[in-house]
Amino acid sequence: MSEIAENVLDEEDTQKDKFLTFSLGTEVYGIEIKFVTEIIGMQSVTEIPDLPEYVQGIINLRGKIIPVIDVRLRFKKVYREYNDRTCIVVVDIKNVTLGLIVDAVEEVLIIAAQEIVLPPQFDNGSYHQRFIKGIGKVGKDVKLILDSDRLLNDNEVSSLEKIC
Amino acid sequence: MANNDSKAPMLDLFVFETNQLLEQLERLILDSEKSGGLEVVINEVFRIMHTLKGSAAMMMFNDISSVAHSLEDVFFYIRETKPQSVDYSELTDLVLNAVDFIKGEVAKVENGADATGDSYVVCEKSREFLSSLKEGHPKLTDTTNFDIDDSTIHSLTDVSDTSKGEGEIRYEARIFFDEDCGMENIRAFTLIHELSELAENIVHSPMDILENDATSEVIKNEGFQITFSTQKSLEIVQEFFCNTMFLKEFNLNVVADDSVKKAQQKKVIVLDDPIPDEPVNAAGKEMEQQTEGAQSFISVNVSKMDILMDLVGELVIAEAMVTQNPELQGLRLDKFYKSARQLRKITSELQDTVMSIRMVPLSATFHKMNRIVRDMVRKLDKEAQLEIIGEQTEVDKNIIESISDPLMHLIRNAVDHGIEPAQERITQGKPKVGKIRLEAKSAGGDVLITIQDDGGGLNKEKILKKAWERGLIEKEETSLSDNQIYSFILQPGFSTNDTVTEFSGRGVGMDVVAKNIEKIGGTISVDSIVGEGTTMSIRIPLTLAIIDGMNIKVGNSIYTIPIIAIKESFRLKEQNLIKDTNNNEMIMIRGECHPVLRLYERFQVKTEVKDLREGIMVMVEADGKGICLFADSLIGQQQVVVKALPSYIKKTKGIAGCTLLGDGGVSLILDVAALNS
Chain A
1 MSEIAENVLD EEDTQKDKFL TFSLGTEVYG IEIKFVTEII GMQSVTEIPD
51 LPEYVQGIIN LRGKIIPVID VRLRFKKVYR EYNDRTCIVV VDIKNVTLGL
101 IVDAVEEVLI IAAQEIVLPP QFDNGSYHQR FIKGIGKVGK DVKLILDSDR
151 LLNDNEVSSL EKIC
Chain B
1001 MANNDSKAPM LDLFVFETNQ LLEQLERLIL DSEKSGGLEV VINEVFRIMH
1051 TLKGSAAMMM FNDISSVAHS LEDVFFYIRE TKPQSVDYSE LTDLVLNAVD
1101 FIKGEVAKVE NGADATGDSY VVCEKSREFL SSLKEGHPKL TDTTNFDIDD
1151 STIHSLTDVS DTSKGEGEIR YEARIFFDED CGMENIRAFT LIHELSELAE
1201 NIVHSPMDIL ENDATSEVIK NEGFQITFST QKSLEIVQEF FCNTMFLKEF
1251 NLNVVADDSV KKAQQKKVIV LDDPIPDEPV NAAGKEMEQQ TEGAQSFISV
1301 NVSKMDILMD LVGELVIAEA MVTQNPELQG LRLDKFYKSA RQLRKITSEL
1351 QDTVMSIRMV PLSATFHKMN RIVRDMVRKL DKEAQLEIIG EQTEVDKNII
1401 ESISDPLMHL IRNAVDHGIE PAQERITQGK PKVGKIRLEA KSAGGDVLIT
1451 IQDDGGGLNK EKILKKAWER GLIEKEETSL SDNQIYSFIL QPGFSTNDTV
1501 TEFSGRGVGM DVVAKNIEKI GGTISVDSIV GEGTTMSIRI PLTLAIIDGM
1551 NIKVGNSIYT IPIIAIKESF RLKEQNLIKD TNNNEMIMIR GECHPVLRLY
1601 ERFQVKTEVK DLREGIMVMV EADGKGICLF ADSLIGQQQV VVKALPSYIK
1651 KTKGIAGCTL LGDGGVSLIL DVAALNS
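Each protein sequence line maps, in turn, to chains A and B.
Position one of the first sequence corresponds to residue 1 (our numbering), numbered consecutively onward.
Position one of the second sequence corresponds to residue 1001 (our numbering), numbered consecutively onward.
By construction, these hints were calculated from the structure, which means they are not laboratory data.
Mixed in with the good hints there might be a few duds.
Cross-link-like lysine-lysine pairs, in silico, BS3-like; alpha carbons within 30 angstroms at most [claimed, not checked]:
hint, chain 1, residue 1, chain 2, residue 2
1, A, K64, B, K1653
2, B, K1435, B, K1462
3, A, K77, B, K1653
4, A, K76, A, K18
5, B, K1108, A, K94
6, A, K94, B, K1653
7, B, K1643, A, K64
8, A, K34, B, K1650
9, A, K64, A, K94
10, A, K64, B, K1515
11, A, K133, B, K1650
12, A, K76, B, K1650
13, A, K94, B, K1515
14, B, K1515, B, K1103
15, A, K64, B, K1397
16, A, K64, B, K1650
17, B, K1653, A, K76
18, B, K1653, B, K1519
19, A, K94, B, K1304
20, B, K1304, A, K64
21, B, K1345, A, K64
22, B, K1553, A, K64
23, A, K76, B, K1606
24, A, K77, B, K1650
25, B, K1643, A, K94
26, B, K1606, A, K77
27, A, K64, B, K1606
28, A, K18, A, K77
29, B, K1304, A, K34
30, B, K1304, B, K1345
Which stretches of chain A does chain B cover? Using the computed rule of at least three CB atoms under 8 angstroms from a CB of chain B, they are [unchecked claim]:
hint, stretch
31, 40-50
32, 96-103
Label pairs and their in silico Cβ distance ranges [unchecked claim]:
hint, chain 1, residue 1, chain 2, residue 2, range
33, A, Q43, B, Q1324, 17 to 25 angstroms
34, B, N1019, A, V78, 54 to 62 angstroms
35, B, S1633, A, Q43, 22 to 30 angstroms
36, A, L118, B, I1357, 50 to 58 angstroms
Heads up, the beta-carbon is just placed ideally off N, CA and C, and yes, glycines get one too.
Construct the complete structure from the given sequences, taking the supplied hints into account.
Spelled out as structure tokens, the structure:
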């Protein structure tokens, strides 16, 4: 019995501490793998009027309509033309399915909890600071760990409601 | 039920069935109140009570069970003694009261809470009613008599009996209970009681099992002898006995109809290990009844239907993807097209069938209104009658759900504000009892529902005055049609206005009603004649899921316009174009002026076609107003499956949803009504 119980625990743990990393320019971001459902190449996106710039529109994912946002624009970075390496990371956060357009997907990394430190608090912090919940140390590199909840539910969404 | 409780499916079924039964009961009892007698429905009512009681007890909702039981007692008494002086209105109150109680409890259960209601008050009322009934008929007692004629109950439960026996079969059984089980007489009584649901003409020996405790001994030693007749097959009867508690063994014989005591079949079954688990037994029996009653219907989870609907939608799109593949263009593929036609025929038939499965008649929704009228009339001390026409009209399941609340609201308004008090009606020379007519009929691809009352009508002056104050009118009053004036009551803000509600009513929450109806793609209009009444007309689509659409192209984007909204499409002739002082463009068509909406401007789409003469005009109409949409070109007509926009995106004005195109792309469906306003 105890063996089985251990196995179950192992099973649950397989996603723990794992992050999918992707790059925007020179920065590398990580998102908890439990939110990621799949990675697809760039698709033709149907634009929807009256939405914030970073919401590119909707795509047809095998019959399911999902919204896609450009993470570059979301973080107020400059727009970059999409190329072969541009990917859509499909995430499912609290039953909301969303496509994240990123420059390129890197790898899946294990970053133990103790290797993640809180981001420094700047008073005049850069804009995307808000979406970072930690900084993961991997060897000499650092990966910025996304606060997926913020990404979805930041107050900008409520301002979106006002527009509509 | 989010949690994976093993009880959940049972609970779901219970909630579903109970709600259905309650609705049915409410309807029956209201009907009987109207007709002033229970004769026709009493057996049905009795059966519902019985099922309610049983399934609630099975699910351990004892309060529901005891309420049902107390009502059952009342109806049992009425059925058996047929008292002359029943106060039907009081009886109806009693039943509705109980129905409300059970509904409340079921709602709690449905939301994952515990059923905490206390049945005492409700039960006490039934008891009071019962005793007051009995006072009228003192000679009868409450002693339950099981030789009653249960034929109606059985004709209901026996429908699907597989034995196909020409008539009833008479059985003879001798049963022995477990030694030391105690209270043999009570157990025998319970057995008879349960058997009475299955069979009739039950004769048993010893007879006086309830009154005489000594029978216990007799049953213990000699067994309990029962003869009864039923249409059930031997298997079912056998199963019934097998499921009885503490039964050691039983002999079951079939007796020939003409009472010749020649046993045709004889079986002795010894139950070594009787099943002591009562709830399970009860469940089994209850289930059996349920499935038998619903032989030609199955209830399907709505979400499964939705998935099926989605899949069929995908299929339709996939079919278009294959048969209209651009790579096929210009090829001579006679055989391919022949097969493609066949495929298209099947998919469209499949689509129609799936759609028709989802269609449900409006009757349940309509009959709910009976209750509302009744309650309102009592509360407001008015007199009104609800007339229901066309209740069999069918609409899609999800439409039913969205139409129920607005209808309720309109009916409530009609009674509250429309119908005058009886005295006032008489002085006006109208019949004392007000009339509200709820009518549904099919009108093309739409369903038209009208709620008509013969009350006081709307006060035009008051509405106009209010509209002025609110700045809703800019034009001269005289230029407004009556219809337009009445439509002001659908505006938000009018609802909170006391002056209007006081005099003409129909303000409260009308904007919510209008919004709800718009949400499902419907429209509402108001018509009224002072002193003669008000008519609210609701036009709703048959279904939300699949529409005929016209695809148009604007730049690189493709939009779909519902075909029903399109009046015509044409190329602009320059002499028809008019510009007003604000440079608003308008087009004169057959003497009427319609505004032009450049879609690329509205949706900020890049396009080469900006000259009105180069593109195409599509005239669409909503709420009786026409508007010309300017697009680059028409692509073609297609049946499209309407999909909602992802919730993340929220609602965008002018976009009703989206759909998949033949090439897998996504097109946005235009919300014509929103573009027009």
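So, going through the hints one by one against the coordinates:
| no. | hint | in the structure |
| --- | --- | --- |
| 1 | A:K64 - B:K1653 | holds, 22 angstroms |
| 2 | B:K1435 - B:K1462 | holds, 25 angstroms |
| 3 | A:K77 - B:K1653 | holds, 28 angstroms |
| 4 | A:K76 - A:K18 | holds, 27 angstroms |
| 5 | B:K1108 - A:K94 | holds, 26 angstroms |
| 6 | A:K94 - B:K1653 | holds, 26 angstroms |
| 7 | B:K1643 - A:K64 | holds, 9 angstroms |
| 8 | A:K34 - B:K1650 | holds, 25 angstroms |
| 9 | A:K64 - A:K94 | holds, 17 angstroms |
| 10 | A:K64 - B:K1515 | holds, 27 angstroms |
| 11 | A:K133 - B:K1650 | holds, 27 angstroms |
| 12 | A:K76 - B:K1650 | holds, 22 angstroms |
| 13 | A:K94 - B:K1515 | holds, 29 angstroms |
| 14 | B:K1515 - B:K1103 | holds, 28 angstroms |
| 15 | A:K64 - B:K1397 | holds, 22 angstroms |
| 16 | A:K64 - B:K1650 | holds, 16 angstroms |
| 17 | B:K1653 - A:K76 | holds, 26 angstroms |
| 18 | B:K1653 - B:K1519 | holds, 12 angstroms |
| 19 | A:K94 - B:K1304 | holds, 22 angstroms |
| 20 | B:K1304 - A:K64 | holds, 16 angstroms |
| 21 | B:K1345 - A:K64 | holds, 25 angstroms |
| 22 | B:K1553 - A:K64 | holds, 23 angstroms |
| 23 | A:K76 - B:K1606 | holds, 23 angstroms |
| 24 | A:K77 - B:K1650 | holds, 24 angstroms |
| 25 | B:K1643 - A:K94 | holds, 21 angstroms |
| 26 | B:K1606 - A:K77 | holds, 23 angstroms |
| 27 | A:K64 - B:K1606 | holds, 26 angstroms |
| 28 | A:K18 - A:K77 | holds, 26 angstroms |
| 29 | B:K1304 - A:K34 | holds, 27 angstroms |
| 30 | B:K1304 - B:K1345 | holds, 24 angstroms |
| 31 | 40-50 | holds (count 6) |
| 32 | 96-103 | holds (count 3) |
| 33 | A:Q43 - B:Q1324: 17 to 25 angstroms | holds, 21 angstroms |
| 34 | B:N1019 - A:V78: 54 to 62 angstroms | holds, 57 angstroms |
| 35 | B:S1633 - A:Q43: 22 to 30 angstroms | holds, 24 angstroms |
| 36 | A:L118 - B:I1357: 50 to 58 angstroms | holds, 55 angstroms |
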